[in-house]
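Going down the list, the sequences are from chains A and B.
Quick note: the first sequence, position 125, residue 125 per full-length UniProt numbering, numbers continuous.
Quick note: the second sequence, position 50, residue 50 per full-length UniProt numbering, numbers continuous.
Hints were generated in silico from the structure; no laboratory data involved.
All values derive from a computational prediction rather than experimental measurement.
The C-beta atom is built at its ideal place from N, Cα and C for all residues, glycine as well.
Take these hints with a grain of salt, some might be off.
Derived, one-sided and incomplete: chain A residues facing chain B with beta-carbon distance under 7 Å [unchecked claim]:
| id | residue |
| --- | --- |
| 1 | Glu79 |
| 2 | Ile82 |
| 3 | Gln95 |
| 4 | Val123 |
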Amino acid sequence: MGDRLTQLQDAVDQLATQFISCFYYLAHHHDLESFGPADKIPDLKSGQPKEVDSFAPEIFQAGQLELARDLITKEQQIEYLISSLPGLDNSQRDQEQSIRDLEEELKVAEGQRLEAVKEKDEVLARLDQVLRGIRRH
Amino acid sequence: MANLEDGEGKTNAAMMPDPPPFWKSFTPDNLARFDTLKQEFADQHGADIDTIVRIPDISEDLVYLQPPAEPIDSKYRLFDEPQTLAEELQTLEAGGIDRLGPLEETDKDGKHIDRAFELKRLAKSMLLNFLELMGIMSNDPAQGQEKVADLKTLLLNFHHVLNEYRPHQAREQLIQLMQDQLDAKRAETAAIRGVVDKAKRALEGLGSMEAPAPPAPSSGISRYGGSNSADRNSETWPGAKGLVAPPGMVNGTLDARHEGSYWGRENISWACVDGDFA
Numbered sequence: 001m002g003d004r005l006t007q008l009q010d011a012v013d014q015l016a017t018q019f020i021s022c023f024y025y026l027a028h029h030h031d032l033e034s035f036g037p038a039d040k041i042p043d044l045k046s047g048q049p050k051e052v053d054s055f056a057p058e059i060f061q062a063g064q065l066e067l068a069r070d071l072i073t074k075e076q077q078i079e080y081l082i083s084s085l086p087g088l089d090n091s092q093r094d095q096e097q098s099i100r101d102l103e104e105e106l107k108v109a110e111g112q113r114l115e116a117v118k119e120k121d122e123v124l125a126r127l128d129q130v131l132r133g134i135r136r137h
Numbered sequence: 001m002a003n004l005e006d007g008e009g010k011t012n013a014a015m016m017p018d019p020p021p022f023w024k025s026f027t028p029d030n031l032a033r034f035d036t037l038k039q040e041f042a043d044q045h046g047a048d049i050d051t052i053v054r055i056p057d058i059s060e061d062l063v064y065l066q067p068p069a070e071p072i073d074s075k076y077r078l079f080d081e082p083q084t085l086a087e088e089l090q091t092l093e094a095g096g097i098d099r100l101g102p103l104e105e106t107d108k109d110g111k112h113i114d115r116a117f118e119l120k121r122l123a124k125s126m127l128l129n130f131l132e133l134m135g136i137m138s139n140d141p142a143q144g145q146e147k148v149a150d151l152k153t154l155l156l157n158f159h160h161v162l163n164e165y166r167p168h169q170a171r172e173q174l175i176q177l178m179q180d181q182l183d184a185k186r187a188e189t190a191a192i193r194g195v196v197d198k199a200k201r202a203l204e205g206l207g208s209m210e211a212p213a214p215p216a217p218s219s220g221i222s223r224y225g226g227s228n229s230a231d232r233n234s235e236t237w238p239g240a241k242g243l244v245a246p247p248g249m250v251n252g253t254l255d256a257r258h259e260g261s262y263w264g265r266e267n268i269s270w271a272c273v274d275g276d277f278a
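With these hints in hand, go ahead and build the complete structure from the sequences.
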């Protein structure tokens, strides 16, 4: 799981992979038809590897449907990822401004934190004193 | 492993390559000399010694003690691949790919909505082109090559637009990170303040309970067994003078029954304080 952009990049690569597998499926499992009277489907000898492994029409169509659905799902994923890219509304100038602002705020917050730590140490010292007083008792 | 014929004792010698020849330069003597030179250079230029990376015109035998100079034309080779010092995104044109979208705006105020829109368009085009490719392939596979090239251009363009977006995302992440830091700091400060307040309240509470025995009138002293005990009391509670006397202490007189319950309460309140600071 990377950032949004990397996810998007991966999704697009997956889409390309899906294109290839769709192509492969269609090219290897279609049925054989003759377009004209001159065409004929050659009979393969038994030992020869088959170029096309035809599926029964309903199985083939079911496969097609599934692949098409997957493509659409991936496409929707990609669009969703695009819409959720960070900072679509900010221009570079906005970003630089907010970085500077945050830097200032961080400095202030750090100052306050140090102050609080100092106060804590003081109270601790006072408490320590009181405790010592009691133990001597 | 390689030199089995050399006998077993020597097999290890060939397993690692020799160290590079310049290791001999790093003698303690040379290191000390280099440090002195660096210090001198820093003093001359009024710079902090930690910021100095290289001293120009160093003597021959110390040359390996500092990193080499940057390549002059800012290009170098790594594993036989040309590299540049400044990593820049190669433009589509330089990669020999047609640009489909508009040229990326260099305008700093440009919003990135357009870029997202661009990406969506490219993604849709990809799907459409794939469909077209399938159609073409089923009719005339010879024509498919062109569509495949189109798809490739689309994919490369998509990746390019995406990579152009990376600096933007990096800034966005930096903002997020800083915001988180700020929140954490504020939370920490608030937590410290909370504990401090609690401790202060506890201290005040204690103060009101552990009032000292003010210098006791003579009638009370006899019960304590003399002036020693009065001294002891005032020594124990130097900071608590003038605070409210604990219940049961009237005019510095503490009867034994009350004293027992007073110390019992005392213990409980200390347990509370300990709990707060645990």
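Against the structure, the hints:
A cut of 7 Å between beta carbons decides the hint on glutamate 79/A: the least distance to chain B is about 6 Å, and the hint holds. Using the Cβ-Cβ criterion of 7 Å, the hint placing isoleucine 82/A at the interface with chain B is satisfied: the shortest such distance is roughly 5 Å. Hint status for glutamine 95/A relative to chain B: holds, with the closest Cβ pair at about 4 Å, below 7 Å. At its closest, the beta carbon of valine 123/A sits 5 Å from a beta carbon of chain B; the interface hint therefore holds under the 7 Å criterion.
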